[in-house]
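Q: The chain contents come next:
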Amino acid sequence: MITKEFRMTQSDQNNNIDLNQFNQVFFEECAEHLAEMEQILVSLPDEGPDEEQLNAIFRAAHSIKGGAGIFGFQDMTVVTHVLESLLDRMRNHEIPFSTAMVDLFLEAGDVISMQLAGHRDGAFVRQEAIEQISAKLQQVIDAGSLDAPAGSASAAMIPVPEEIAQSGTVASEHSDQRYELVFTPDPDIFRRGIRLENLFAELEELGELTVTAGLPATTDFNSIDPEICVCSWRMTLVTTAGEADIRDIFEFVADLDQLQLRTVSENVREISASDDSKAIATVTPPENTRLMPTGESAADPAGAATGRRAYDKNELAAGAYGRRTSEAESSIRVGVTKVDQLINQVGELVITQLMLAQTATVLDPVLHENLHRSLLQLERNTRDLQQSVMSIRLVPISIVFSRFPRMVRELAAKLGKQVELKTVGDTTELDKGLIEKITDPLTHLVRNCMDHALETPEARIAAGKEPCGTITLRASQIGGRIVIDVIDDGAGLNRAKILAKAAERGIPASDNMSDEEVWQLIFAPGFSTAECVTDISGRGVGMDVVLRNVQSMSGRVNISSEPGNGTRVTISLPLTLAILDGLSVAVGQEKFIIPLNSIVESLQPAPESLKTVNGGNVVHVRGEYIPIIALYELFNMDALVKEPGKGILILIDVEGEKAALLVDALLDEHQVVIKSIETNYRKVEGTAGATILGDGRVALILDVNSLFRMRKQK
Amino acid sequence: MNTEAGESLKTCLDGECSMSTVAGKYPALMNCLARLLDSGASGERNDCSTSGALLVDLTGVTDIDACGCQLLALFLSGLKQNNISAQLTNIPDTIRSKIHFLGFDSEFNLSH
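If you read the sequences in order, they're chains W and D.
Sequential numbering from 57 applies to the first sequence in the working numbering.
Sequential numbering from 1056 applies to the second sequence in the working numbering.
The shape of chain D in the complex, shown without the other chains:
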């Protein structure tokens, strides 16, 4: 993975993100984290609005529940612990509402 300045990293989540699917999504997220670490993506990049932050694209997410939110929050937390900043992006309105309703706004650094 290229982590040079000016470069943006992106990962996409698709489909349902819920209790019934987290077990399947987890290995991919773990793999994503491992690859980011292997590629040396960690560093002092706390401002994802500039560059080098991992963008977690939720365009394709059709549904999310508390379990799905937790997985995502733990993933973001894992990134943060490794000094990789990340931000959710392209969040569908329905998903944003659910995230808010389930109380994960602050974990995801979202304003409602």
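Next comes chain W alone, as it looks inside the complex:
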């Protein structure tokens, strides 16, 4: 016998697709589901979740499980599976809600987060935590309630809805149904990295599954794309599960028209009573059997609009299927680096436009009228484009605010305080970079409010207040800045205590200081009036870190406080760190940009207003002596004007600290694109970056905070 072999080897390994991009989508969605779950859990009233809230928590858990299974993160389906089972029992009123469940579910969410971090970031995953929470959840399922002793589960203990108990139809409600499914996947399903084995395995968990793949009637093998799915699958599933459970499994993989679900209204168990082994084979669809379009429920013969899943009664509810679809259609996920690249390129375009505009200034406006008109149009369009592109980086501050309800809840329990957290202006948008940096300062502030500012319920009642304190996080956009207030209705700052502590720590302070100046003392490094150090706050490392972090974002912090009525900490941040409104000034041959938000006024000083105090020049403005900072001295350069009386002074104010910058001339007001000088050259003290002006020259952008420091050092 002659044998001929055509051997195919593994040379095709190079064709491996990058599944990482799909994983990334799952990671992001999983994080969103966890955040949504947590948000609902911490906002639950004492009487427990309503139907929609419970459904939303279930959806989140189910979506995580479904995604984890499909993307091959099987370990993540362990906790989610048992969590989902418990939630399902609760939805069916088989297990009652108890407030302790919130902590249990939050703990489960934490464990899933840990697993997610393990896959996404390579973080350490504690297996025992997974086992413990799974056991706890299972215990509740077995016991039929959280309060019941473990292992005491019995059918009698599980509350059965009265109508079912009376009709005695519990058995038939849970008897097997036979479903016939025809799944015609999206042609791209393989390329999307979806593993049908996992999908079928999930179906098999519901009951007895048989699968038959089918090919199109005729296909020319020479013209196929092997990565495109042309198969369809016909399945039969005998299960006690409902149609919604089956459809849920296809949530991530099938569009409305890709899954047909056919049910047989007769009860399989009844038919198979005589001959179990032939039950499936002998069931034939009765005449009234119909192929149900996706979205219709077998249990809903009236065809009421119950959504894709039976529990999605409100298609407009957050996270409901209908909403998700429209959201998916109206948004796309784009990497931050791509957006930054776009912003950078638009920045270059703005600079080029400025150069063109500057070049055109020497051209006769009458002779070159069309050119000037076109350049004006170009300027408008460029500005619009820049604003639109900048807005891509803006994200709602709710991303930060949403982390606090749980923190407040847990700290309140730990401290024995009653606290209500209110958030206002959640939709206020802030640059993504700032969002990441503002989280820590806000966390410090909220923890301080909880630990120090808010009184215990007893103390509040004694002070004639409601026992429950309030912390309000409020965000708003005022002009080109974002203002975030952290407000509490606690005891307020104690002026005498702060002054005493300042004296104890050797921080310069006096009784003559205004309240505002006294409040600023708490930003001194190591300052704390807390009598005992707790693990929540009181180590005195909080407020100075808050100030430093905020200042690093070109932000400011202000405090106002009223004894007995509470404290308000106000953080003011620029809308974005990528562009800046500035005033260009000349010093010798150089140009500098001074951020407009730090400028109070500019003036040509009268000779009598200029004085010398301790060897330094000051200017007397409306009763205040303000130190003069000569930029030419600070940057060691030549200047046309060296006498303050002959130049122009620009008054700047940062966090209440004032100075007057001596410059040769004021030039123009610009919106400049900030370029990192550190990346392209090296750190230049006193500057926050550089920009390219219309004439192509580089101008340094002054960092007024660091100018103050430089002056003090000199």
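No wet-lab data here; the hints were simulated from the structure.
All values derive from a computational prediction rather than experimental measurement.
Please note: incorrect hints may appear among the correct ones.
Said to hold, decoys possible - Label-pair ranges, simulated between beta-carbon atoms:
| hint | chain 1 | residue 1 | chain 2 | residue 2 | range |
| --- | --- | --- | --- | --- | --- |
| 1 | D | 1082 | W | 396 | 39 to 47 Å |
| 2 | D | 1082 | W | 296 | 43 to 51 Å |
| 3 | D | 1082 | W | 194 | 47 to 55 Å |
As the list claims (entries may be wrong) - One side only, chain D facing chain W, incomplete, derived with CB under 8 Å:
| hint | residue |
| --- | --- |
| 4 | 1092 |
| 5 | 1120 |
| 6 | 1133 |
| 7 | 1143 |
| 8 | 1146 |
Note that the Cβ used here is the ideal one computed from N, Cα and C, for glycine as well.
Once you've looked at the hints, dock chain D against the given chain W.
A: Quick look at chain D alone, frame taken from chain W:
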């Protein structure tokens, strides 16, 4: 390719047969089909248990997924359309289980 009576044709698949490898395996299968057709292997040979059927040897296949099964099923279908009968042979147990689980038994004429 010799297609005389009494002669058996054989092709082997190796390694992983999945979404990540089908693009690489496809040209080889296409080539195999073309060579079979060029050699005049097509004909009235519907009983591969006797002779002249193409044996697709899966001994070396380490893993298979739905995409890999589809490619194989389309290949067999392409052979059939050209009157070339074929049969999978030496299927490792794990691969057989996966084929069954993914519902390709009937496409591959396998009994489970």
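Q: It remains to establish, for every hint, whether it holds in the given structure.
A: Hint check results:
{"no.": "1", "hint": "D:1082 - W:396: 39 to 47 Å", "result": "holds, 41 Å"}
{"no.": "2", "hint": "D:1082 - W:296: 43 to 51 Å", "result": "holds, 48 Å"}
{"no.": "3", "hint": "D:1082 - W:194: 47 to 55 Å", "result": "holds, 51 Å"}
{"no.": "4", "hint": "1092", "result": "violated, 10 Å"}
{"no.": "5", "hint": "1120", "result": "holds, 6 Å"}
{"no.": "6", "hint": "1133", "result": "holds, 3 Å"}
{"no.": "7", "hint": "1143", "result": "violated, 14 Å"}
{"no.": "8", "hint": "1146", "result": "violated, 16 Å"}
When held up to the earlier numbered hints, the structure conflicts with 4, 7, 8 and fits the remainder.
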